[in-house]
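A.B. asks: Quick note, the sequences are listed as chains A, B and C, same order.
The first sequence: position 212 = 212 (the working numbering), numbered continuously.
Quick note, the working numbering runs 310 ahead of the 1-based positions in the second sequence.
Quick note, the working numbering runs 580 ahead of the 1-based positions in the third sequence.
In short, the hints are calculated from the structure, not lab data.
Predicted model only: the values in this text are computed from it and were never measured.
Every residue gets a Cβ at the ideal spot worked out from N, C-alpha and C, and that includes glycine.
Any given hint could turn out to be false.
As the list claims (entries may be wrong) - If you want the ones that stay clear, here's a sample from chain C, every Cβ over 10 Å from chain A, calculated:
no. : residue
1   : 606
2   : 609
3   : 610
4   : 613
5   : 620
6   : 661
7   : 668
8   : 684
9   : 701
10  : 768
11  : 769
12  : 795
13  : 826
Unchecked claim - With a cut-off of at most 25 Å between alpha-carbon atoms, the simulated DMTMM-like pairs for lysine to aspartate or glutamate come out as follows:
no. : chain 1 : residue 1 : chain 2 : residue 2
14  : A       : 133       : A       : 193
15  : B       : 380       : B       : 476
16  : B       : 442       : B       : 478
17  : B       : 380       : B       : 336
18  : B       : 442       : C       : 757
19  : B       : 442       : C       : 596
20  : A       : 133       : C       : 782
21  : B       : 442       : B       : 483
22  : B       : 380       : B       : 428
23  : B       : 380       : B       : 424
24  : B       : 380       : B       : 483
25  : B       : 442       : B       : 428
26  : B       : 442       : C       : 605
27  : B       : 442       : B       : 424
28  : B       : 442       : B       : 425
29  : B       : 380       : C       : 799
30  : B       : 442       : B       : 476
31  : B       : 442       : C       : 778
32  : A       : 133       : C       : 778
33  : B       : 380       : B       : 425
34  : B       : 380       : B       : 320
Unchecked claim - If you want the footprint, here are the derived chain C segments under chain A, 3+ residues with CB under 8 Å:
no. : stretch
35  : 594–604
36  : 646–660
37  : 749–755
38  : 779–789
39  : 827–839
Residue-level listing of the chains:
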Amino acid sequence: MHIPDGYLDLWIAALVGLASIAVLAIAVRRSAGALDGPRAPLLGVTAAAIFAAQMLNLPIPGGTSVHFVGGAFAAILLGPHLAALAMTAVVAIQALVFGDGGLVVLGGNVFSMAVVEVYVGYAVYRVVRPYHKPAAVFAAGWAGISVAALTAAIMLGASEAFAYEVTTVLAIMGGWHILLGIAEGAITLLAYEFVAETRPDLLADRSPTIDSRRLLRRGTAVVGGLVVLSPAFAWGAQQVNYTEPLEHAAATTGATAHAVRTLPSLLPDYGIAGVDPYVGTLVSGLVGATLVLVIGWLAGRPLIPDSEPR
Amino acid sequence: MAVNALTARDLSFGYPDGTAALDGLDLTIEAGERVAILGPNGAGKSTLLSLLAGLREPAGGEVSYFETGKSADDLRDRIAHCPQAPVDYLFNATVREDLEYGPAQLGIDRREAEERVDALAAEFALEGLLDKPPFRLSGGEQRRAALAAALSVEPDLLLLDEPVADVDAGHRETVLDALDRRTEAGMTLVVSTPDADLVPQVAHRVVVLDRAGSIVRDGPVRDVLTDGDLLRDVGVSPPQLVEAFQRAELDNPPLTVTDAVERLRDLDDC
Amino acid sequence: MSPVDPVGRSAGTLTDQARGLLRDERVATRSGWLQAVHPIVKLLGIVALIAVTVPFDTPGPPAAMLGLTIGLAVLSRVPLATHALRTGVPMAVSLVIVAPQAVLLPGAPLLGPVTVPGISYAATFTLRVGASVSLLGLLLSTTRFASLLGALRTLRVPQTAVALLAITYRHLLVVFEELSRLVLARRSRRVRSATLRESWLEAGSLLGTFLLGALDRGERVGRAARSRGGTAGRGYPRQRAVGLRDAAFAFVVFATVAAGVLWP
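Starting from the given sequences, assemble the full structure and let the hints guide the process.
C.D. replies: Okay, structure coming up:
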């Protein structure tokens with residue numbers, strides 16, 4: 001799921017990067033004080049451990065193997081804000097030390113793997129937990145990784161640099177990760193069961209000292225807002241792009257990435273030659289917006305009537 | 311009367327999983343004292359040291375420093391704590407950054423900090439290692455670096471957990487000499503160790519903890535270390551010299567090799 | 581099941597990663613051109629070069645950029661075989677991913693169903709990814725992570741973030757070793773190959789043990805930081821003279837970016 005440089009359009013990378021910074025800034029502010037003291041080392045070491053744990057290969061039928069990702073597990077163990085920060089450290093180190101995932105698209109990778117995966121995983125955990133705890137843990141692992149993959153797919157699909165349509169990318173990448181998510185859910189559950197058995201105090205006490213409800217609501221609002229605005233950005237970017245010399249160069253060689261729009265797809269409009277390319281991006285943005293709004297709704301819902309102390 | 315560097319009253323602590331580590335412990339250490347905390351593995355020595363350094367919240371009781379009534383967090387420029395595992399203590403990218411870390415956090419002037427780092431590097435034989443990442447160091451090097459990092463704030467009170475574990479013979483002297491110089495200049499030193507042989511080299515007073523984490527004996531090194539039965543009861547081997555002299559049924563066993571050599575010469579002369 | 585089951589293979593993966601980390605640290609201490617460039621200049625320069633590479637949609641400019649990175653790698657004494665592998669694998673993966681476009685994109689036929697725009701797009705995409713990955717690889721293999729963190733600090737990235745990254749990096753090798761020890765210990769005590777179910781149960785408890793251990797360690801490191809004055813302050817910035825090699829690199833970046841922007 002680590003997107004290298006060269007796959008995403010610059011403006012998408014920048015936009016999603018800004019969204020990540022906004023969410024993380026809120027997470028830091030909400031956990032201020034907790035972070036300056038002994039928490040930063042705690043997070044750093046936990047991040048390193050999650051990184052190592054991601055190298056744990058697990059067999060799946062058919063002879064191949066999958067690996068643990070850990071965003072949802074971190075969220076359950078540390079609370080969502082600290083988990084988002086720890087996962088950000090993981091993703092940043094993977095890019096800045098090992099070259100997994102690009103430099104310019106770092107914000108995009110942080111968004112899908114540290115923000116979306118953690119908050120979605122946590123929200124699902126909170127929604128399902130009152131009914132069935134193991135199911136909640138499993139669902140958190142599954143949903144976290146699936147929605148993170150869908151987010152990455154939307155970023156890729158919306159990018160003109162990546163010639164496939166958003167629907168194609170969503171279908172392939174999303175479909176695959178929804179299957180992989182089952183493995184993630186299972187391993188999250190197994191690890192959770194172990195911790196619940198040996199150190200139940202950690203799961204009971206490691207509550208964020210911050211008001212997670214308000215934070216989550218606001219964080220969701222910020223992300224939602226940005227995504228709702230993204231079609232406007234897309235349109236703007238397209239307008240600017242269209243006048244750039246690069247475009248003319250591309251047009252003369254016939255190697256334009258806009259040729260994507262002639263691909264057969266579920267949205268027939270794409271097939272009509274001559275449609276302004278920003279329409280495509282607009283639609284992609286709308287799909288993304290809807291998806292994240294659904295996530296936001298999911299994330300916000302359990303938090304409002306919640307009276308149970310975590 | 312000297313100022314108390316540290317006063318712990320009715321200190322108790324339990325681990326999150328429910329096991330009690332300490333229960334109602336009282337301890338007073340005067341400024342300039344050199345104290346060893348001796349006990350078997352699992353007696354809670356490390357826990358006690360981190361409680362005394364104000365790094366864990368006690369379940370009950372309190373610790374005060376230098377009779378100031380300030381919390382340990384307000385006195386980090388005067389109190390240093392060096393834990394058992396140097397691997398947890400050195401968390402910066404290079405050894406130099408680790409040595410500078412304390413002074414930087416305390417807002418000490420850069421030039422001053424650099425002078426301190428150079429002096430400490432020379433004192434602890436770390437010169438060639440300053441720009442290496444700490445994880446590339448051997449166990450003994452890491453321990454010397456951790457001790458140097460703890461001393462970089464020039465503390466008045468040093469709480470030191472197992473100071474020479476993993477340190478080879480040559481550098482052991484380096485470490486012990488460095489501690490001597492500091493205590494002669496007035497620093498208060500509290501060392502924890504399971505090794506009775508080390509105690510006479512670092513302390514004048516020794517506090518013995520049993521497996522339950524209670525103080526079973528507190529007194530001058532000679533009185534406590536020659537009480538072999540007491541030490542064996544709590545699960546600590548008495549110093550080898552003491553053991554040897556007592557088995558040979560000789561009175562007044564020596565505590566250091568120098569003393570032992572003298573005694574043996576005297577015996578020879580008789 | 582084969583003797584090298586996936587859980588057991590994890591130990592190998594961990595060792596490989598650790599080895600890569602140490603290799604980069606070693607290359608970064610060699611005396612070469614990029615190693616001598618100030619980390620801030622290098623970081624910003626590489627970001628600019630990637631940013632200028634990504635928007636191209638003809639194969640020429642990314643190919644030129646890839647060539648430039650090879651030149652830089654030679655001048656910086658980066659081991660070429662390692663660098664080629666590091667760049668080549670993502671390129672190959674990208675080529676596989678976009679290869680269908682060679683057929684899907686309409687245009688003048690080149691060979692059978694393959695079209696000219698299609699092959700051009702696939703080549704552009706692959707070269708773009710290759711150039712970007714190669715640039716990032718150059719940055720990573722010629723810069724010690726400590727200097728990179730120093731650069732981030734100077735660029736006013738919040739201290740908490742820098743401290744977090746520093747501590748994460750600092751503990752990577754420690755936790756890698758710890759986890760591979762755990763994996764190997766479990767394998768050495770196993771008398772027969774594990775079934776699928778056993779592997780999973782084992783991995784669950786392994787992960788639980790490991791992450792709990794990491795939390796404990798994190799708390800110990802937290803106490804160490806607290807005893808040394810907390811993590812709110814900052815380190816001393818490393819001043820470093822800007823020299824000829826910095827100027828040369830800045831010039832290369834500037835010329836390349838200018839050429840990229842002015843490309844017809």
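A.B. asks: Run every hint past the structure and note whether it holds.
C.D. replies: Against the structure, the hints:
no.	hint	in the structure
1	606	holds, 14 Å
2	609	holds, 16 Å
3	610	holds, 18 Å
4	613	holds, 20 Å
5	620	holds, 14 Å
6	661	holds, 16 Å
7	668	holds, 13 Å
8	684	violated, 6 Å
9	701	violated, 6 Å
10	768	holds, 17 Å
11	769	holds, 18 Å
12	795	violated, 6 Å
13	826	holds, 20 Å
14	A:133 with A:193	holds, 10 Å
15	B:380 with B:476	violated, 35 Å
16	B:442 with B:478	holds, 20 Å
17	B:380 with B:336	holds, 19 Å
18	B:442 with C:757	holds, 19 Å
19	B:442 with C:596	holds, 21 Å
20	A:133 with C:782	holds, 21 Å
21	B:442 with B:483	holds, 24 Å
22	B:380 with B:428	violated, 32 Å
23	B:380 with B:424	violated, 29 Å
24	B:380 with B:483	violated, 35 Å
25	B:442 with B:428	holds, 15 Å
26	B:442 with C:605	holds, 10 Å
27	B:442 with B:424	holds, 17 Å
28	B:442 with B:425	holds, 19 Å
29	B:380 with C:799	holds, 24 Å
30	B:442 with B:476	holds, 19 Å
31	B:442 with C:778	violated, 42 Å
32	A:133 with C:778	holds, 23 Å
33	B:380 with B:425	violated, 29 Å
34	B:380 with B:320	holds, 18 Å
35	594–604	holds (count 5)
36	646–660	violated (count 0)
37	749–755	holds (count 6)
38	779–789	holds (count 10)
39	827–839	violated (count 0)
The structure fails hints 8, 9, 12, 15, 22, 23, 24, 31, 33, 36, 39 (numbered hints given earlier, in ascending order).
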